[in-house]
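4 protein chains.
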Amino acid sequence: MEKFRFLTAGESHGKCLTAIIEGLPANLEIDVDFINEELKRRQCGYGRGGRMKIESDTVEITSGVRFGKTFGAPITLVIYNKDFENWQKIMSVSPADETDEKSFTKYRPGHADYAGSIKYHQKDLRNILERSSARKTAIEVAVGAVAKLYLKYFGIECSSRIIQVGQGKTEEEIHAQIDKAKEMGDTLGGKFEVIYKGLPIGLGSYVHWDKALDGRIAQAVMSIPAVKAVSIGENHAYKMFGSEFHDELFLVDDKIVRKTNNAGGIEGGMTNGEDLIVKAVMKPIPTLKKSLNTVDASTLEQTEAHFERSDTCAVEACAVVAESRIACVLANEILLKFGGDAIEDYNL
Amino acid sequence: MEKFRFLTAGESHGKCLTAIIEGLPANLEIDVDFINEELKRRQCGYGRGGRMKIESDTVEITSGVRFGKTFGAPITLVIYNKDFENWQKIMSVSPADETDEKSFTKYRPGHADYAGSIKYHQKDLRNILERSSARKTAIEVAVGAVAKLYLKYFGIECSSRIIQVGQGKTEEEIHAQIDKAKEMGDTLGGKFEVIYKGLPIGLGSYVHWDKALDGRIAQAVMSIPAVKAVSIGENHAYKMFGSEFHDELFLVDDKIVRKTNNAGGIEGGMTNGEDLIVKAVMKPIPTLKKSLNTVDASTLEQTEAHFERSDTCAVEACAVVAESRIACVLANEILLKFGGDAIEDYNL
Amino acid sequence: MEKFRFLTAGESHGKCLTAIIEGLPANLEIDVDFINEELKRRQCGYGRGGRMKIESDTVEITSGVRFGKTFGAPITLVIYNKDFENWQKIMSVSPADETDEKSFTKYRPGHADYAGSIKYHQKDLRNILERSSARKTAIEVAVGAVAKLYLKYFGIECSSRIIQVGQGKTEEEIHAQIDKAKEMGDTLGGKFEVIYKGLPIGLGSYVHWDKALDGRIAQAVMSIPAVKAVSIGENHAYKMFGSEFHDELFLVDDKIVRKTNNAGGIEGGMTNGEDLIVKAVMKPIPTLKKSLNTVDASTLEQTEAHFERSDTCAVEACAVVAESRIACVLANEILLKFGGDAIEDYNL
Amino acid sequence: MEKFRFLTAGESHGKCLTAIIEGLPANLEIDVDFINEELKRRQCGYGRGGRMKIESDTVEITSGVRFGKTFGAPITLVIYNKDFENWQKIMSVSPADETDEKSFTKYRPGHADYAGSIKYHQKDLRNILERSSARKTAIEVAVGAVAKLYLKYFGIECSSRIIQVGQGKTEEEIHAQIDKAKEMGDTLGGKFEVIYKGLPIGLGSYVHWDKALDGRIAQAVMSIPAVKAVSIGENHAYKMFGSEFHDELFLVDDKIVRKTNNAGGIEGGMTNGEDLIVKAVMKPIPTLKKSLNTVDASTLEQTEAHFERSDTCAVEACAVVAESRIACVLANEILLKFGGDAIEDYNL
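Residue numbers (our numbering), protein chains in the order written: chain A, 1 to 348; chain B, 1 to 348; chain C, 1 to 348; chain D, 1 to 348.
Hints listed in this document are in silico derivations from the structure and should not be mistaken for laboratory results. Bear in mind the structure is a predicted one, so any value in this text is a computation, not a measurement. A couple of the hints might just be wrong.
Because identical chains share one entry, a pair is satisfied inside a single copy or across any pair of copies.
Cross-link-like lysine-lysine pairs, in silico, DSBU-like; alpha carbons within 30 Å at most [said to hold, decoys possible]:
#1 LYS40 x LYS169
#2 LYS89 x LYS40
#3 LYS255 x LYS123
#4 LYS40 x LYS211
#5 LYS197 x LYS211
#6 LYS180 x LYS211
#7 LYS102 x LYS211
#8 LYS82 x LYS182
#9 LYS337 x LYS69
#10 LYS180 x LYS259
#11 LYS69 x LYS82
#12 LYS290 x LYS82
#13 LYS337 x LYS82
#14 LYS337 x LYS123
#15 LYS211 x LYS169
Isolated chain A, as found in the complex (with noise of 0.2 Å):
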């Protein structure tokens, strides 16, 4: 069921990231700068670390855009990571290079490293680092900002906000809560809402469990990494009554409206109307300076965590990956509605 489909790749330090995004229809114009954009949004944030300098991430597009259009062909996404020439050797392909320089064999608590080694039967945890680092996010934005361009064409716009990190619930209070952490060498997380408006009535279905919107969002959000919880609407429903959370229907000027909007935009599985609400949790970066105990895989010995350079507090970059994946959600819903090979044919 799904027609917007892609495929992504790239370790957090091989040569490039890459994606394939099939399905979109042709004549959708591909603005690169925006994709950009949407590349530095990531990037930026209060409480990220140095690597953010050296990745400056831009896109490159090596298929299915001619002259600004898609035409109906694959479209493959790359990002170079910036500091390649300083992992070719420790990353490379060929057999002659093996090496364990940079390798390790401490599990890091809160990581892949542990359930990843034993799955895949690694010695050398960076086989499991590589690609379960949230590097791989950037790709992923890539891809959602190409959903959204598809998206603006039907009026669909998006944004995200932090509610809470730690203590903090106000921009001065945050960063307040993040510059504390970093001097501690600690690390957080946070709560963030994504809001779509403009969306078309009747995206999703209740006819089946799979078809539930709701439950392909929470999907997309929950398994972007770090994240642990994702709601819909308001988040007391538990606490209210039928009464209090509803939200009814009323007559204005002949058109019906609604005065709360509990339901975040989802009813039955289906939008509804109103604006697509959705909050997710991020735990705290796992990686942190403050040592955490642990054992090393090889020598089986009681010891501590791993430092790699990292982020105090990544919220800001989780946010802007969760409405990338929504993106990518509902760019899928668009098309199983509307069908469409090309822009052509939705008279809009």
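Model the placement of chains B, C and D on the given structure of chain A, informed by the hints.
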């Protein structure tokens, strides 16, 4: 990527609910009594209304099981609606029986009525109610029970509990809250937790976003009617420092152990050997005696919402459905990880 | 990429065959008589044996259709096996009924018995026979009939004809061949053709290999039990020069027309406006009175194959199944191209 | 149901062809030389034209392989187009570079031009040519080579041979036919056979139509550009009696053996332990020097088809592509049957 796949069908007042399951290995023992016990668990719970007595659901297996065991063929599960004889004409397949008895046109806030009638071009909102009703979760519980039988073979077991309903946090308080709501003609939702124990390490993956187990679980649970939030592990991740949150690894008697499980059993989108802990929030049931403002679709006049016999609180049922949905996700993951055309292939 | 999706279930001598179809738009008229006529078409045909009289299949719709129309909900189709009462014990779900009556252990060459029993670890080959039997194509024809009703809405119609059976190429010759085979206790296959008319231009695509319509049709037809070859258009493409084979375009009365259709209606994996022409070859039915050498799985001794009542030639039925399978592929393509949640969305 | 999944992208004259493969287990050795040899096999063959010399394709792996082995992460394969510098402006992503150089408007019969331009609303037929070109099969051969490396681990090997081209049935005759066609400015197709040896019993299934291995193979082969027919096993099944066709089982030295393989290694949609034999027919290449009647899309006038440098006969290349496609299907089946996150899981 679905190896355990299924479709469900059936209306709230139709002849029966049906499911076809495809993908389980041969020679799995299917205990019909267990499926029926699960159906009963869904129907019980403090706060359920009159229909539950009518129902007393039992499953009939019409394919895929012979002499108590699977043999590779798709399994058909059927739950007959006990009061179908009263609805036979109203839900008739035949155009000759067309009637507007039991039809209605007043959108019920919180239900699929409004968006559904626009999406599917339906004037009689019964055509929306019948499939969007949570009645369909009965057959999902039956499907989940079959998945649980498969998981049991691997030593995987689950349980669930209610955390909060309204302001109530203990059984006594919860019942009092429900009694109060019932008296007021109102409804309540709640918060619950599902725990799975005995999962092998490494179900799910970080290598591609759609393989993340947390994402797949989030989809499965968020798409349950009335669920508005899903979380994995500790709910206050957004407030905690990394050094507080992450589950350190310790070596005890030459075994790697954890003293905490804030991650809820998932790191890097994979099971990590700890218990899987999923929490979810259910909104209050949107069918309530207390009147809600709404609009009549046929007259476009302001009116009050339609009332159909219902429950005051169904959070216990919702928890059983969540268990079932997660069972399906886990069964699929086990099949992807271990393959297997027959139980004999596992060599457990 | 499946929007028209379905699962089927049921054994040759089980209680019933069942299918669930999900994905059709609302307000499509479902003519039950048409489905039953299609079932009858499958059962007739020169060369069918005794069981066809027992069968006289009719469909029961237990969900998804109300007052003659779809309304978005999944559709359940059931075909009851008329002689189930004679098989109730033998095909029982209950372990208490276990019996070796009607069990068998002699692999039937040409059937699934040998590979199936190894794959699914079954000693009683009945557990293979029951699902591998072509009996299951009855419910596929019912599913295909529903797909055809959808296609009819777009003005798409199909037909099929037998091209050759044994050495026979005319009806008279074909009947003579079948009579001769029957007399000898032998069986025959045949070659047939399915034609679809009225298809819009541009179903399927060349942009990714799994979107090619010819590939999807080939899968649908080749997976019919006993089909061994599928072709699109002119069969002698390997002998012809490019200048002979390719269908030139001409301008006649300001319209683009072709004078030939060697491509069989598909260029670049897409419908090109000409009739879709699919040919297929069915192997002889592998259940024959004439004895075949085989091995007994229980004793590992050389023996002769088991005989179960069967037909002499089922190529006409096979053609109906092929029509049905192709209808499902085309319905899916129409849904992907045009979207649509209700018939009203098409503005035809 | 795809565990071995991949997307491909890239235009005939674009910068590069790209593929992302997801689903292979970790610790599989990836021999880049083998992939390049496969690419060379596709480019050679009697009857190929000038471009083949330009190409001399080689693959670059930019993700998913480290020190010669997979480690669970998706694999990116890139084949750069050697003459891209000559096309850089013509195939530019930037709207600023828009040009009608190399654009064309005369539909080429036998190509995707006509249906493709209508489907995707393209005036410049180059936008159809670029992706519909068989050039894209180069990256499919690279993907298939990776699949073959996986299959080799299980002892599965393949080969292919040309059966007939025009009237030629021996190498000498075939070369003569091709020489003649070339001289006439014409083209030829042909018939070829792919054989896979060493397959385990029980890949694929009869339990649901879309699990039949013969169907999946038929899709994979029929969707290759220019393929018009696919068959499994003996091609004359429609002429033979059941007693002649079916492959009897014999007990020789306590082992079950067959003396014939008319079924081509598939019974009941499953591998049966015999060699898998797939035949296919390729139509003549539709780009020929000899002029074909056609219509100009821009002027709607009768004209003659556009000529772009091409081959006389590409049936050898087509056979290599078929091998590759089938390798992907089989790799997927192996993964479904045996699961496995790392090579160590197989215990071979």
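Cross-check of the supplied hints:
Taking the shortest Cα distances, LYS40 and LYS169 sit within 30 Å of each other inside one copy (24 Å), while across copies they are farther apart (45 Å). Taking the closest pair of Cα atoms, LYS89 and LYS40 come within 30 Å of each other both inside a single copy (28 Å) and across two copies (28 Å). Taking the shortest alpha-carbon separations for LYS255 and LYS123, only the inter-copy value of 17 Å comes in at or below 30 Å, while the best intra-copy value is 63 Å. In this assembly of identical chains, the alpha carbons of LYS40 and LYS211 lie at most 30 Å apart only when taken from different copies (27 Å versus 33 Å within one copy).
Taking identical chains as interchangeable, the C-alpha atoms of LYS197 and LYS211 lie at most 30 Å apart whether they share a chain (21 Å) or sit on different chains (29 Å). Taking identical chains as interchangeable, the C-alpha atoms of LYS180 and LYS211 are never at most 30 Å apart, the minima being 44 Å within one chain and 35 Å between chains. Taking identical chains as interchangeable, the C-alpha atoms of LYS102 and LYS211 lie at most 30 Å apart only when they sit on different chains, with a minimum of 27 Å there against 44 Å within one chain. For the identical chains of this complex, LYS82 and LYS182 are intra-copy neighbours only, at 26 Å inside a copy versus 50 Å across copies, given an alpha-carbon limit of 30 Å.
Proximity of LYS337 to LYS69 under the C-alpha cut-off of 30 Å is found in both arrangements, the shortest distances being 22 Å within a copy and 20 Å between copies. Taking the shortest Cα distances, LYS180 and LYS259 sit within 30 Å of each other only across copies (27 Å), while inside one copy they are farther apart (40 Å). In this assembly of identical chains, the alpha carbons of LYS69 and LYS82 lie at most 30 Å apart whether taken from the same copy (27 Å) or from different copies (24 Å). In the homo-oligomer, the alpha carbons of LYS290 and LYS82 lie at most 30 Å apart inside one protomer (28 Å), although the nearest pairing across protomers, at 51 Å, exceeds that limit.
Taking CA atoms no more than 30 Å apart as the test, LYS337 paired with LYS82 passes in neither setting, with 40 Å inside one copy and 36 Å between copies. In this assembly of identical chains, LYS337 and LYS123 lie within 30 Å of each other by CA distance solely across copies; the values are 20 Å between and 47 Å within a copy. In this homomeric assembly, LYS211 and LYS169 never come within 30 Å of each other (Cα to Cα): the closest approach is 35 Å inside a single copy and 33 Å across copies.
Comparing the model with each numbered hint stated earlier shows that hints 6, 13, 15 do not hold.
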